[in-house]
Amino acid sequence: MADHILLRHRDIPDLDRLEVYQRHGGFETLRRTIAEKSPQDVIDIVKASGLRGRGGAGFPTGVKWGFLTPDVFPRYVVVNADESEPGTFKDREIMERNPFQLLEGIALCAYAARASTAYVYCRGEFWDLAHELEVRIAEARQKNLLGPKIFGSDFSLEVYVHLGAGAYICGEETALLESMEGKLGQPRLRPPFPAAKGLFGRPTVVNNVETLTNLPPILERGAEWYRSIGTKDSAGPKVFSLSGHVAQPGNYELPLGTTFRTLIFDHGGGVAGGRKIKAILPAGASAPILPATDEVLDTPMDYESVPKVGSMLGSASVIVMDDTVDVAWVALKTTRFFKHESCGKCTPCREGTFWMLRVLERLHSGQDGEGQVDGLYAVARGIEGKCLCPLGEFSIMPVTSGVERFRADFVAHEGDGR
Amino acid sequence: MTAGDVRLTIDGREVRVPPGTLIVDAAKRVGVDIPVFCYHPKLEPVGMCRMCLVEIGRPVRDRATGEVQVDDHGTPVLQYGPKLETACTTPVGEGWDVRVSSEKARQGRNEVVEFLLTSHPLDCPICDKGGECPLQNLTLEHGPGKSRFLFDDKIRLDKRVPLGDLIVLDRERCIQCARCVRFQEEIAGDPVLGFFERGRKLEIVTFSDPGFDSYFSGNTTDICPVGALTTADFRFGARPWELNAAASICPHCPVGCNLTLNTRREAVSGGLEVVKRVMPRQNEAVNETWICDKGRFAYHFAASPERLKTPLVRKDGRLVEATWDEALETAAEGMRTAGSRLVGIASGRLSNEDLMALRTAVETVGGRPVLDAPMGGGDFVRRFGLGSQSDLGRLGRGDAVLVIASDLHEEAPIWWLRLRKAAERGAEVIVANARRTRLDEFASHVIRYEYGQAVEALLGIGAAATGETNVRGLVGEAVEAAGKALRSAAELVIFFGAEGLDAKGTAALAQGAAAILARTGHAAKEQSGLVGIWPQANLQGAWDLGWRPTGRGLADVLGEAKAALIAGVDPLGDDPSLGPALGALDFLIVQELFLTETAATADVVLPAQSFIEREGSLTSGEGRVQRYYPAVPAWGEARPDWSISSSLAAGLGAKDLPTSAAAWLERIAEVVPAYHDLSYQALARVEEQWPLVGGDDLYFGGTAYENRQGLGVALASEVERGGSKDVDWPMSPPPQPGPGILAVPVHRLYDRGTTLLPSRVLDPRRVSLYIALNPSDATAIGVGDGEAVSLAWDGQSQTALAVIDPSVPQGAALIPRSAGATLSMPTRVTLLASQPEAAR
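As given, the protein sequences belong to chains X and A, one line each in that order. Residues in the first sequence are numbered from 1 upward in steps of one, following the numbering used here. Residues in the second sequence are numbered from 1 upward in steps of one, following the numbering used here.
Looking at chain A on its own, in the form it has when it is part of the complex (with noise of 0.2 Å):
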C-alpha cells in the first residue's frame, strides 16, 4: 500500500490497490470472488465470456472545475453506467464503488450463465472436470434451476479430438474462452492452437505438425475452465474428489518445479495407492503455477512392474531375492573388506538426505565419495550463485541473461519459459551456443561459436564487458554488443549448460562466468548470479554436499578401488566400456529402482524407493532447497535411499546417526555452511503469494494447486554472505582437432531413459536414436535424410538414421542423450553411410 494508490469499495470493502489494477484482481485481494471464464490473472485480458458484470459508480464531477460533486452530507456523489460492465478489463478508478453482489449485476451473470449453458452438454456426471469445474461451479451459484432452453434445440458436437497426442478437446464442453489459446501465445510461446470458424461454429483447433506442439501442453488442461481440454493421460482416469493430494518437487531437471500429486487407492491397481495425475503447485519464485509436459506426464515409472521389490544377493552366480539383514550385512561386509578402496558413486538424482547419508557409510570405511557427473562448476555456483532474494521473475528492463552452451528450452522449459517472459519485461537475453535454439526466438544477442570454443566465446564476451586486456577470447560485434549490455546491466544472471563441453570444460565456462559476475560487480546483487542447467535435478545439492566428478574417467577410478557403491546413477549403460572396469571389483553394491545394466553385475542390490514414496529435499539449480513429502506407501520392501546408507553406516560402525530425512537434514544444516538455517519447518514455510490460487474459486487461477507446504528456501550464496570474490579467469582449453566429425550428445526433453520410458503416453513424442547433420556433411558421406549412418569411435560403433539439419554446424554431429546412443561427451567419430541392407 503506498501513497499513489487507488481507493474504492468493492461491495461495501474497502480497497487500495495501485493504479492500473483491475476490478476483478482488486476484488480478489479483499475476498471479493467476482465470477470469470476467460479472465485469468497471468494472460491479458480480453473480455470475452462476459461473465464478470458488474455495476460500476463513478464519482461525478462539476464540468467547469472538475471537482468531485458532494451531496448535503459531503458524500461524493456517484453515478452509475446504464450497462453492466466488465471487471476483468476495467481498470480501478478512484472513489469508485463497484457492486459485485447487486440485484442487477447478479442478474447480469444469470443470463451470462445461462447463455453459455445453451451451447454446453452439462454432462458433468462423466466430465473429469466434474469436482472442479468453474462452470458447475458457478451454474450452482447463478444458473435457474430450469432451462428455458429448449433441450432439443442443442447441438451436439465431436466429444473427442485430439489435439495432439497428449491433449483431447471435447468441443460441445468448450465455452470459446480462448484461454488455451492465449496461454500458448503469451506464456509458452508456442502459438500453435487457434480458433476456427466463427460464431456458434467457433472451435479450436491446432495448426501445427504433430498437433499441439508445445511442451507446456497439459498447462491448458489446468486453466480451461470446463472439461474442455483433458490430459490423454488423466482423461477418465478418476474423480477429482477421490483423490488425495501430496506436496512434491519434480525430480527431471533443475528447476524444481513445485507439484502437487494426485493420487487414489483403486481396484484396477490391485488396491494399490498409486498416482493418477502431476499438478503445478504455485511457486512463484520457480514455476509460478506452471509445469511442463515431462514433469506432468513422466511419473509412471515410479509404479513400473520392472521396478525392484526386494533386495538381491548374488549367490552363486545369480542374484537372488534376499532379506534386507542379510543384503545389509552382506554389503557391509564388503565395504568393510575394500576399506579406503571403497568407492561410492552418487547422481544429481538423490536427495540432499541421501547425497549426506551416502558420503557418511561410504567415509566410514575410510571409501572415497564420486559424483558420477558429465559438468562441473557445482563450487562456482555455490560461491557466485543466485542469492537468498532472487526470483527470475523480477528481471526486467535494465538487467540482462546471459545463456551459453544450452538449449534450455529441451533441458530446462520452465527455465525457458522464465527468460522468455524476462525478455518480454524488457530483459536482455543474450544466447552464446554453436547452434540456433529456441532461446534465440527472444535474444537481444546471439553469439556463434564452434563446439570447443565455448569457454574462448565466454572469455570474449568477459573482455569486452570488463575492458580488461589480459583475457582473450573470441571478438566480433556480437561479442562486444554483449559485454557491453553485460557491464550496464543492473543485474544479471548467467546460466551455463554443457552442450558440447565435458566436465573440466563446463567447470572453465562455470569460472568464466563467476569472473564475469565478479569484474563486471554483479557478485552478490539481489538477482544476480550464476545458475548450473545440470542435468540431473540435484546435482547442485551433490556439490554442496562435497560431492566432486572424479577429474578422470570412471574407468580409472572403478581401476582404484577394490569395491564400489552406487546409488541412483547406471555407469555401465550410459557407458557400455566401462564393463571390464566394473568386472574387476571384487564387489559392488548398487542402490536403484530398477535392475539396471550395473545393477545385473552387482554382488548387492538394494531396492530404493521413488521421490513419490518417500520424503527428502532437493536444491533447485537456482540455488533453491525445496521439500517433497511421500504421496503413497512404499513400494513392496524398498526403502529410501538415506534409509539404506544408515543402515551400511550402521552397520559399519558409524555412531550418532541421523534416523530420518529431517534429521539427515539436520545433520546437513549442522556441517555445511550454506545450508545451517535449514530444517524441515523452514523449507515448510509459506507465505501469501499472487494471484491467488486453489480457493473455492477455481475460475480465478485454474486447477493448479496452492501452496501450503513450503516455498523452500533460497540458500544465500558464499559472496551474499560475506565470502571472497576474488576469481581469475579460467584458461581456455586447448582446441582438440582431430578427423572425422565431432558428436555432440545433446537433451532432448522426451528422451528415453528409465525414468521416461514407462510413461507410454509420451511414446509418439519421444525421440528415437538419430544424428543430426549439416547438409554439406550429410552430402559428403552421402547420406540423405532418414537414411542410416554408422558411427565409429574408440572401437565402439552404433547406427542411427540421419536428419539433414542446415542449424547444425558444419564439422559436427547432434545425437540425442538418452536415446539408445552410449555417446556421453562430445567424441570425435567416423560416419559412415550404412548400406540399406545394414540398416535393416
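This is chain X alone, in the form it adopts within the complex (with noise of 0.2 Å):
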C-alpha cells in the first residue's frame, strides 16, 4: 500500500505532533462532521462502509452502535486500548505514534453514539503510553478539538485515560467495564450487551483503538472508497503484527484479505535463517494453530477465510513458527498464559486450564506414559463450550489443534525420560 491510513505516521513524520496532524488535515473531519452530519448520518456511513471490529470478534461496527437503548442517557464511549494479545502490538503503534487519529475517531464516535464522557481504558504495562495520551487529550482541549462545545457547536466531549491493573481478561468488554468501575475484573453475564447495560449500567459504546482511527478516514473519503479497500465482507485496510521467526516482525497495514504468504514473504522477508514454516498462530495464543500448507499460506486474511482453513483471523496477530518449534512446547506456554489470565468466574475455564497444564508439565517433564496425550484431548473438550466467556474457549484452541494437527509432537514427550 503506496500510502498508510491508519499507520500515517509512517508517511509523514511527526504527526504525533498536534499541529503536524493539523496541517495535514486532521480535526478537518470531525469538524465537517458536526457541521453537516448528524450522528445518525455517522451511523449509517459507518454501517455502510463495512467496518468490522478490529479487537478480534469482527463484529460490524455500525451495527453495534445501531443496539444503543435509544434516549436513555448519558451514554458512555469506553476504548478497549488493553491491548494484551500475546504478539499484538498494532493499537501501542497507533496510540505511541498516530494518537491523534485516534483521538478523532473518538470523537466521531462519541457524536454518532451521543454520548459526551469517553474513557481509553489502557493496560496497565501502558502507564507510560497512557500518560503521553492524557498529554496529548489536554492539547487537543485547549484547542476546542476535544472538551466542551467542540468547533461551537453543541457537542461536548471529555475524554479520560483509565488504567488497567494488568490482567488479560480485561481485553474482554464486560470485564473491562468492571474493571473501569473498580471491581475484580471479572466478565458479564450477556445479555444485556454494554449497547443497552455497559459503564455504570447506562448504553455504551465499546471499540478497539483501531477500530476507531479508522473513522476519520472513513468520513473524509466515504463508505464507497473504504469498500473498495480488502474483501466483499471485510472491507478496509488491517494491521497486521507479525512476529516469531520472520526476517523482519512488525506491524504492516494491509488490506484484508492478503494473504498469509504476501505477508510473511513480500512484507516480513520470509522466515530468518531461511528455514521452513512449520505453523502459524494467526490471532495470537486465541485461535487453532495452523500447519503451513500451500494451502493455508494462499488463504486470504479476512475475517471468511481464516475460518475455512480451520482458524480465525482475531486481531490478526501472526505468530510464524519455524520448523524447530515442538508444537507440544506451543501448547504449554499458551496453557500457562491462559491458566495464569484465567479469571476465575467460570469452572471449566478456572479449573480446566489449571488441569491442562498439570497434564502439560507433566507431559514435558516426561514423567508420564501412554495416554497422556488423549488425558489432556479429553480435558481440553471437556472445557470447550462450557465458559463464560471467550477465554476459556480460546485456552484450548492450541492444545486441541496441536493434538489434532501435530500429534507427533505431542506424542513424543509421552514416556520420555523413563
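Please keep in mind that the hints were generated in silico from the structure rather than gathered at the bench. Note that this is a predicted model, so its numbers are computed, not measured. Be careful, since some hints might not be right.
[To be verified] Covered by chain A, according to a simulated footprint, are these stretches of chain X (three or more residues, beta-carbon under 8 Å):
(1) 258-271
(2) 335-346
(3) 349-355
(4) 370-382
[To be verified] One-sided excerpt, in silico: chain A residues whose CB lies under 7 Å from chain X:
(5) 48
(6) 49
(7) 115
(8) 118
(9) 317
Virtual Cβ for every residue (Gly too), placed ideally from N, Cα, C.
Got two chains here, each in a separate frame; can you build the complex from them with the hints?
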C-alpha cells in the first residue's frame, strides 16, 4: 500500500504533534462531520463502509452502535486499549505515533453515539503511553478539538484515560467495564450487552483503538472508498502484527484479504535463517494453530477465509513458527498463559486451564507414560463450549488444534525419560 | 397460569410459566431438578459455575414470514444449539424444548463436576456439610467413579480461615460460586465479602473491620453449596444426619422468624438432648429463608447451667429447694392473702398461652395484671395493624413505608432487610429519627428531629399528608415531601419504635400513626397498617390479651400492692431503684428461667421452661400468630408458664381451666375477638411457597428448612373486621427541658441480656457499656474517645467509656440497653469526665 491509512505516521514525520496532524487535515473531518452530518448519518456511513471491529471479534461497528438503547442518557464511549493478546502490538503503535487520529476517531464515535464522555482503557503496562495520551488529550482540549462545545457546536466530549492493572481478561469488553467501575475484572453475563447496559449500567459503545482510528478516513472519504479496500465482507485496511521466526517482524498495514504468504514473504522477508515454516498462530494465542501448508499460506486473511482453513483472524497477530518449534511446547506456553490469566469466574476455565497445564507440565517433564496426550485432549474437549466468556474457549484452541494437527509433537513426549 | 404465559416442554413435561421465568425455575415448578451451585432463586443469576447446562431446542422460524416452521405432521421444527446453555441465565421461550437429562446435557454436567472436584478436597467424612451437601449429592449423581485427575496434582489450601468471629472459611472446599458474596451485596446490604486474586488462586476474603461485619452472616452457611463456610458455633459440632428437627419461632424480637431447631442427644452434654444449631425455616411472609445472627446463635441460654431446675421457697430468710406441691401451695396462699392487692407483672417474653393463664390466675383472687413494657400503643396496633393478607414482600412501586423512632437494623434486623428489598422494588421508605441509622441507606426521605420531638415530627408529617390545618407539628421540606409520599401511596405501612420515648410517648406516636393511616384512607387496605417495633417478641400478644402498662411507674404499682406475681421479667435487674418497693411487699412470687435479681428476693421461685422445651404461640409485630414446638425434654423440673399459672389458679379455686397449651389457645379464641378463628390446627396450616426449599436438591434453596409445621395466621385488624376508623390526633407531649444531657437508651443487637450472655460465640461482637457523645458535648465536658465518663441521675450513678460519634445529636447521649446501665427510659443526666484513676 502506497499511503498508509492507519499508520499514517510512517508517511508523515512528527504526526504525533498536533500542529502536524492538523496541517495534514487533522480534525477537519470532525469539524465537517459535526457541522454537516447528524449522528444517525455517521452511523449509516459506518454501517455502509462495512467496518468491522478490529479487536478480534470482527463485529460490524455501525451495527453495534445501532444497538444503543434509544433515548437513554448519559451514554459512554469506552476505547478498548487493553491490547493484551500475545503477539499483538498494533494499537500501541497507533497510540504512540498517530494518537490524534485515534482521538479524532473517538470524537466521531462519541458524536455518533451521542455520548459526551469517553474513556480510554489502557492495559496496566501502558502507563507511560497513558500519560502521553493524557498530555495529547489536554492539547486537543486546549484547542477546542475536544472538551466543551467542540468547534463552537453543541457537541461536547471529555476523554479520560483509565489504566488497568494488567489482566488479560480486561480486554474482554464486559470485564473491562467491571474493571473501569473499580471491581474485580471478571466478565459479565451477556445479555445485557454493553449497548444496553454498559459502564455504570448506561448504554455504552466499546470499540478497539484500531477500529476507531478507521473512522476519520471513512468519514473523510466515504463508505464507497472504504469498501474498495479489502474484500467484499471484510472491508478496509488492517494492521497485521507479524512476529515469530520471520526476518522482519513488525506491524504491516495491508488490505484485509492479503494472504499469509504475501504478509510473511513479501513484507516480512520470509523465515529468518531460511528455514521452513512449520506452523502459524494467526491470532496470537487465541486461535487454532495452523500447519503452514500451501493452502493455508494462500488463504486470504479476512474474517471469512481464515475459519475455512480451521482458525480465526482475530486481532490478526500472526506468529510464525519454523520447523524447530515443538508444538507441544507452544501448547505448554499458551496454556500457562491462559491458566495465569483465567479470571476464575467460571468453573471449566478456572479448573480446566489448571488441569491442562498440569498434564502438559508432566508431559514435558517426561514423567508419564502413554495416554497423556489423549487425556489432555479429553480435558480440553471438556472445557469446550461450557465457558462464560471466550477466554476459556480460546485456551483450548492451541491444545486441541495442536493435538489434532501436530500429534507427533505431543506423543513424542509421552514417557520420555523413563 | 395466565394468558401471557409461555409454554414449553422440559424433559417432556409441559410447563406454562410467566415470560421472563428462568428455565431452572420453570423446571423446578414441574419437579425437574436442574443441578446448580451458583444459582440461588433469591439472588441475581450469574452463570458462573456452569453446572446447569442443558440442551435447548428452539422453534425454527421462516426468515421471510417469521412463522414457525412445521414438519409434515404439523409439528414445529426445533433447532438445538451446538452448545449447551445455562438454564439459570436463560429465560423461557415459547415452544422451546429443554433437555435436562439427555446424554449430551448429562455429559456436560459430568464434566463440570469433574472440574470442580479437581480442586475440592473431598474431605466429606470430616466435613460439617457432609450429608446435606449439594456438591456431595451431585458428585454421587454426576461424578465418575474414578478420577482422571491425579490426586498429587491437588493444591492444599488453608482449612481454617476465620472470616470474622462467627464464620470460618475452608479455602479448599470453596468452589467460588460467589453465593456468599452476592448474598451480602444483594440481600444483606453489607457488601463485606469479595474475591481476591484470580483464576485458580481466587479466594473469598472479607474486607470489613471487624471481619465479616454483618448481622446476617450465618445465612451464607446455609446457601454455601459446599462445606466452605461454617459457623463458629456449629463447626465440627455434629453430623447433619444425627440431628432431629423441631419447628420453632425466634423469641428475640417481634419479627417472629420461623426456625428449625436441630437437636441431638449426646454424651458430651451428659446424655441430654440439646440444641446443636438453629436454622431458618421458610416463611416467605415473615423471614423468607433468612434469619439474623442473633436468632441463629442466641439459643444457648436455654441450656445454661444457671437455669433454675427446681422450685425454691424462702425458709428462714433463704431460698431452698422445694417440691412443686409445696411451692405452689405457698404461692397460692400468698396470692389468696393479698386478694385484690395482688399484682401480676408480665412481659412480652411470655407466650399467648402463658399470658392468658397468668391473667386468669391473677384475676382469680381479684388481682390486677400489669404489663412491664417500656412502650405503649399496642391497642392502636390491634385496631390499625397490618391485615390478614399482609406481606412486606409485596410492597413495591407506589407504596410507602414510614419508620419512626427506631434503629431497625439493631432492633429487628429481618424487618430492616425486608424494607431494604421493598425500597429496591420501588417503595418509598421514609425514615424519621433523631439520628442517623442504617435505615437512611435506602430511605427516600429522611426527617431529623430532636429527641422528645418524635410525636411532633409525626404530627407534622400527618399535617402534610392530610392537609388538615388543625394539626401542628414539625414543618420543613423533608416533612412536606414525606407527607406527600404518604398521601399518594397505594399502600402505607407505619413502623413505630420507642427510641427517645417513654410508654406514654410511644402511645402518642402510635395514635398519631393510626390517625395518619385513617385519614389518608389507608386503614383496612390490604397491605397497609401499623407495626410496633416492640423490644420483646410477644408484646403485641400481651396487648391483644388485655395486658397494659401501668401508666405510672412500677414503683407506684408495687407500692399499692401487698403481693406480686412476676413472670418473664426482672424489674429489679432493670431498675435497682425498685428495690425498696419490692422489699416492702408482703409476698413475692417469681416465674423465671434464671435466679434473676428479682427472683433472688422472692418468697417463691417457680422454674419455667424455655421456648425450646415447650410449645406455645407468639404474636409478631406484624400481627401474625405463630406456633412453636418442643424440641428437647424439660429442663429439670421446670414447667411451662401456662402450666404453672394453671396450677396456681386451680389451687385458688378456679374451675374449667384448660389443661394444655392448645386448650389455652382455644380459650383465647373464645374470649379475644381478634383471635376467634385460631387453633393449633389453624396455626399449623401450610401451603406451597416459592422458592421451593428443603427438598432432596439442597442445591436449589440451601439448607433452610421447608415449612411443614405451620405458616401461622395473620390476624385481621379491627378496622379490617369493620371496626371504627375514628381516631383523634394525639396531644404532642410537652417538651421536658432540663439541665444536663439527655441520655437515651438505644438497642444494640448483641447486648448483655440474660438470654444472650450464655451464647459465648457472640462475646467478641457483644456490646459493652459505653456512652456515645457528640464531639462538641465531649469537648465541653473534656472527655476524649475511649475515656471514662460518669453519669449521675436521680441519686444513681454509673461509669461508662465515651465513644465520640458525630451522628449523635448535640445535647444527647446514647447508652446501649442491657449492657450494664440501669437506665431504661430517656433521662436527663449529669456527665463528668472521670479521673483516669476512677475509671480503673
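Hints violated by the structure (listed by number, smallest first) | Violated hints: 1 and 9; rest satisfied.
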